[in-house]
Amino acid sequence: MIKETSTTPPPKWLQCNGQQLRKLAQASLVWLEKHHRIVNDLNVFPVPDGDTGTNMLLTMKSAYKKIENSDEMHVGKMTGDLAHGALMGARGNSGVILSQIWRGLAKGLKDKETFNANDLAQAIQEASDTAYGGVMRPVEGTILTIIREGAEEAKDAAVKSKDLRFLLERVLERSEQALERTPDLLPVLKQAGVVDSGGKGLVYIFEGMSRYVNGQMVGMTEGTDQDQVAAYVPAQALAAPEGGELENPYDVQFILMGQKLDVVAVRNRIDAMGDSTVVVGDETTIKVHIHVKDPGEPLSYGISLGQITDVVVENMQEQMEDIINAGSASIPTQPEPPQVTVEPGQIGVVAVAAGDGLANIFRSLGAAFIVNGGQTNNPSTEEIFQAIQDVPTDKVIILPNNKNIILAAEAARDLSPKQVAVIPSRTTPQGFSAMMALNPDGDLAATVASMQEALDYVATGEITRATRSVELDGVDVQEGEIIGLVNGRLRASGSDMHQTITQVLAEMEMDERELLSLYYGEDVTEADATAVANQIEELYPDVEIEILPGGQAHYFYILGAE
Amino acid sequence: MTIKIVTDSACDIPDAVAAELGITIVPVYINIGDDSYLEGVELSRQTFYQNLSGYKQYPTTAAPASGTFAEVYARLAQNGATEVLSLHVASELSATLNAARLGAEAQTAVSVTLFDTQQITMGAGLLVILAAEMAAAGRSVADIVASLNERVKQAYVFGMLDTLEALRRSGRVGLAQFGLGTILQIKPVMMIHQGIVSVAAKIRTRKRSIEHALKLVAGLSPFERLAIIHVNAPEAAEMLRQQAAHLFPRGHAVLMTEITPAIGIHLGLGAVGFACITKKE
Chain A
13 MIKETSTTPP
23 PKWLQCNGQQ
33 LRKLAQASLV
43 WLEKHHRIVN
53 DLNVFPVPDG
63 DTGTNMLLTM
73 KSAYKKIENS
83 DEMHVGKMTG
93 DLAHGALMGA
103 RGNSGVILSQ
113 IWRGLAKGLK
123 DKETFNANDL
133 AQAIQEASDT
143 AYGGVMRPVE
153 GTILTIIREG
163 AEEAKDAAVK
173 SKDLRFLLER
183 VLERSEQALE
193 RTPDLLPVLK
203 QAGVVDSGGK
213 GLVYIFEGMS
223 RYVNGQMVGM
233 TEGTDQDQVA
243 AYVPAQALAA
253 PEGGELENPY
263 DVQFILMGQK
273 LDVVAVRNRI
283 DAMGDSTVVV
293 GDETTIKVHI
303 HVKDPGEPLS
313 YGISLGQITD
323 VVVENMQEQM
333 EDIINAGSAS
343 IPTQPEPPQV
353 TVEPGQIGVV
363 AVAAGDGLAN
373 IFRSLGAAFI
383 VNGGQTNNPS
393 TEEIFQAIQD
403 VPTDKVIILP
413 NNKNIILAAE
423 AARDLSPKQV
433 AVIPSRTTPQ
443 GFSAMMALNP
453 DGDLAATVAS
463 MQEALDYVAT
473 GEITRATRSV
483 ELDGVDVQEG
493 EIIGLVNGRL
503 RASGSDMHQT
513 ITQVLAEMEM
523 DERELLSLYY
533 GEDVTEADAT
543 AVANQIEELY
553 PDVEIEILPG
563 GQAHYFYILG
573 AE
Chain B
57 MTIKIVTDSA
67 CDIPDAVAAE
77 LGITIVPVYI
87 NIGDDSYLEG
97 VELSRQTFYQ
107 NLSGYKQYPT
117 TAAPASGTFA
127 EVYARLAQNG
137 ATEVLSLHVA
147 SELSATLNAA
157 RLGAEAQTAV
167 SVTLFDTQQI
177 TMGAGLLVIL
187 AAEMAAAGRS
197 VADIVASLNE
207 RVKQAYVFGM
217 LDTLEALRRS
227 GRVGLAQFGL
237 GTILQIKPVM
247 MIHQGIVSVA
257 AKIRTRKRSI
267 EHALKLVAGL
277 SPFERLAIIH
287 VNAPEAAEML
297 RQQAAHLFPR
307 GHAVLMTEIT
317 PAIGIHLGLG
327 AVGFACITKK
337 E
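For the record, the sequence lines run as chains A and B. Counting from 13, one number per residue, gives the positions in the first sequence under this note's numbering. Counting from 57, one number per residue, gives the positions in the second sequence under this note's numbering.
Derived from the structure by calculation, the hints contain no laboratory data. Any given hint could be a false lead.
Covered stretches of chain A (in silico footprint by chain B; criterion: 3 or more residues with CB under 8 Å from a CB of chain B, positions within the stretch not fixed) [what the hints assert, rightly or not]:
(1) 114 to 126
(2) 371 to 385
(3) 551 to 564
Heads up, simulated EDC-like pairs for lysine to aspartate or glutamate below, C-alpha to C-alpha not over 20 Å straight-line [claimed, not checked]:
(4) A:Lys-122 to A:Glu-138
(5) B:Lys-263 to A:Asp-554
(6) B:Lys-263 to A:Glu-138
(7) B:Lys-271 to A:Glu-465
(8) A:Lys-172 to A:Glu-192
(9) A:Lys-174 to A:Glu-192
(10) B:Lys-263 to A:Asp-93
(11) B:Lys-271 to A:Asp-131
(12) B:Lys-263 to A:Glu-188
(13) A:Lys-124 to A:Asp-93
(14) B:Lys-263 to A:Asp-131
(15) B:Lys-209 to B:Glu-267
(16) B:Lys-263 to A:Asp-294
(17) B:Lys-263 to A:Glu-84
(18) A:Lys-272 to A:Asp-306
(19) B:Lys-263 to A:Glu-185
(20) A:Lys-174 to A:Asp-131
(21) B:Lys-263 to A:Glu-465
Calculated from the model, a selection of chain A residues having no Cβ within reach of chain B, i.e. all distances over 10 Å [as the list claims (entries may be wrong)]:
(22) Asp-322
(23) Val-325
(24) Glu-521
(25) Glu-526
(26) Glu-574
This one's a predicted model, so the numbers in the text were calculated from it and none came from an experiment. Glycine is no exception: its CB is placed at the ideal position from the N, C-alpha and C atoms.
So here's chain A without its partners, still in its complex pose:
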């Protein structure tokens, strides 16, 4: 849990020092944490791993972690440390751009012991320039627009007043306006009826800072001198005995926002509904956590007192059964890929894999190091950087295999003293295709050129479940439907998996292809995948089909057509 900020700057705030900046960063982190799920939900693209909020949060967490115990007073140094933390922890496109914003800010404030309004305005401009500079093709209607307009406003505010509080307020207001206008700049946002998620994340960051300087609450209270504190116990620790029936199987969490709330009264009421009660907060914000038989009970109670947000309801009985069953699940046997050894002077490849099966395949093709994408498939700049450093050669090629990882990979490349090249693979099949062109003993530039060329040899299809309803690229999507993407673009949606796959294959021009590789995800069995392959064979009898366990999360099938 994050500490609540209890000290605020003086009424007339003209200079900001390192510690005050630390508090500002802390406040923005806490406020972003509180709202990051809202940011995730704004993702227009209805795919399960579009976690802008999570990525920005993790980036901010990494930034703050660097300085959480620092007593540095020099604001330039403090900002530099924050930026360094952000840089290493950056993940996802928005996360990387956010880290560039911090980097620009740090550049602008480098030699300042303290900063005033003018200094800050200049630094925010520097932040904007750095952010734009870090992206190959800047797009308006995104987080870039927000920081750019924020910088404009900051300059204007610094002319009108020397008060830093005033500047922050104005920047926040302008950012909110710019955010509202993003649908006018980016047609997909208008189509989906949302504002830009990355922009929203940045607004929360400014908002957190503004709330702090105005003495408003940003987060949960914590500290041994407060009696509202309770440690937050994760659900696993409270699991019932193996195989047993849980008395209160539903884990319910939410944040209650209202006026003049009585924490003690709320706690008593909630406690009577079930067990493992955690209720902490104050008169405007209360975090509730309880295990109940009927999730409706605590939720209805919450609504009767105010508004509820960040609602999570989980079925722990099911989760427990999954954990027990997972031990007996059969994992398809695969030939053990050979240990890939790289000699100094050779080219080593770092590949990002979204699943264990996919990782195996990359190794079998000669990848020296695998970065596991994890559940969110969004490794940080630091993780990629570490991989580069760990490969025992000075010539490294990175395959991000996901369009959301390319920026983090490029940031890692820029950090490393080695000769590093990023092949901008946007999908796993593209990554495999590029691996075919690898010659470990070849010249780096020539190898990069052939690997880059190989990206276009394959068409990629992805089958997953829609996380939102949206109309995009002429496709009408209902939340929960099976959607199909071809080369990253949404092409099909429907309630029938087979139907979606058929459409995707047609879009991939299967009748002109010779080979289809079907990589099935962690939620799909080999039997399911084989059944799908048989159906495909009926449609395209001349195509050779490979069925391979990919083990990836979220995506039922990844298809590669060549």
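Using the hints provided, position chain B relative to the given structure of chain A.
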């Protein structure tokens, strides 16, 4: 002075050409189950490939007996040979050259000069044909060998392999080092040059693999000699011949042969490619 040329069946000289140039071919053994056959003599090429997938145990190859070589050299001497030049498939990949050496040492009828073509199938065959032509033109063995030493550097075989299984099974090439893992389907373009087998390209589909082989070969033109080789893939071979028509050197027959089982077993059914001697340095 009569120089006689001897080679083995793995060098793939077509019978007609052998007859015309007076080349003696010593057959290699194909072992199927418990039985052993002399290829080209006791075993028809086509029948063999057609039945290949049906054999319970995958066939293996074995070098001719050294005694056979001794006999062949002695017979040639009896029929008037004053010198023998015995050219064979790459010693890195086969024990045949060694068997020939032992055979040569076991007889005194004629002086035998051994030559390692450092090639396989028509890659070796084209070199043997050149040697025979030079012998017919009256060149000395020393001269021919000197010339061949240069020609070896200009001899290449490129093949698209339809499956990696045969090569893996042959045990003659370490595939892991080329990133030719066992998980994804790969139809590589292999290259043999100066006794070394390497992967020229790792490609997933037949169509693009053949295209790549064509591209590689075109890059080596003009040619002194060019031949198309295949393992049970006559249509693909014919298609290649048409697409490569402009590369064939004038004045020489367009050679197209089905690769002998001794080599074909290790390349796998469906393999198709080129053997050539380039004019380039």
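- Item | Restraint check for Lys-263 (chain B) with Glu-188 (chain A), where alpha carbons must lie at most 20 Å apart | Violated, at about 55 Å.
- Are there three or more residues in the stretch 371 to 385 of chain A whose C-beta lies within less than 8 Å of some C-beta in chain B? holds (count 6)
- Pair hint Lys-263 (chain B) and Asp-554 (chain A), alpha-carbon separation not exceeding 20 Å: This hinted pair holds, its Cα atoms lying about 13 Å apart.
- Message: What's the verdict on Lys-263 (chain B) and Glu-138 (chain A), does the C-alpha distance respect the 20 Å limit or exceed it?
- Response: Violated, at about 52 Å.
- Proposed proximity, Asp-294 (chain A) with Lys-263 (chain B) (alpha carbon, max 20 Å): Violated: Lys-263 (chain B) and Asp-294 (chain A) sit about 69 Å apart, past 20 Å.
- Item | Proposed proximity, Asp-93 (chain A) with Lys-263 (chain B) (alpha carbon, max 20 Å) | violated (54 Å)
- Query: In terms of Cβ atoms, is chain B entirely out of 10 Å range of Val-325 (chain A)?
  - Reply: Since the minimum Cβ distance to chain B is about 40 Å, Val-325 (chain A) lies beyond 10 Å and the statement holds.
- Take the stretch 114 to 126 of chain A, compare each residue's beta carbon with every beta carbon of chain B, and decide whether three or more fall closer than 8 Å. As far as the stretch 114 to 126 of chain A goes, the hint is violated, because 0 residues have Cβ atoms under 8 Å from chain B.
- Given pair status - Glu-192 (chain A), Lys-174 (chain A), alpha carbons within 20 Å: Distance of about 28 Å is beyond 20 Å: violated.
- Interface-negative label, Glu-574 (chain A) against chain B, beta-carbon threshold 10 Å: violated (5 Å)
- Item | Straight-line alpha-carbon gap Lys-174 (chain A) to Asp-131 (chain A), limit 20 Å | Roughly 10 Å between the alpha carbons, so the hint for Lys-174 (chain A) and Asp-131 (chain A) holds.
- Message: Count the residues of the stretch 551 to 564 of chain A whose Cβ falls closer than 8 Å to any Cβ of chain B, and tell me whether that reaches three.
- Response: It holds, with 3 qualifying residues against the three required.
Consistency with the previously given hints fails for numbers 1, 6, 8, 9, 10, 11, 12, 14, 15, 16, 17, 18, 19, 25 and 26, ordered from lowest to highest.
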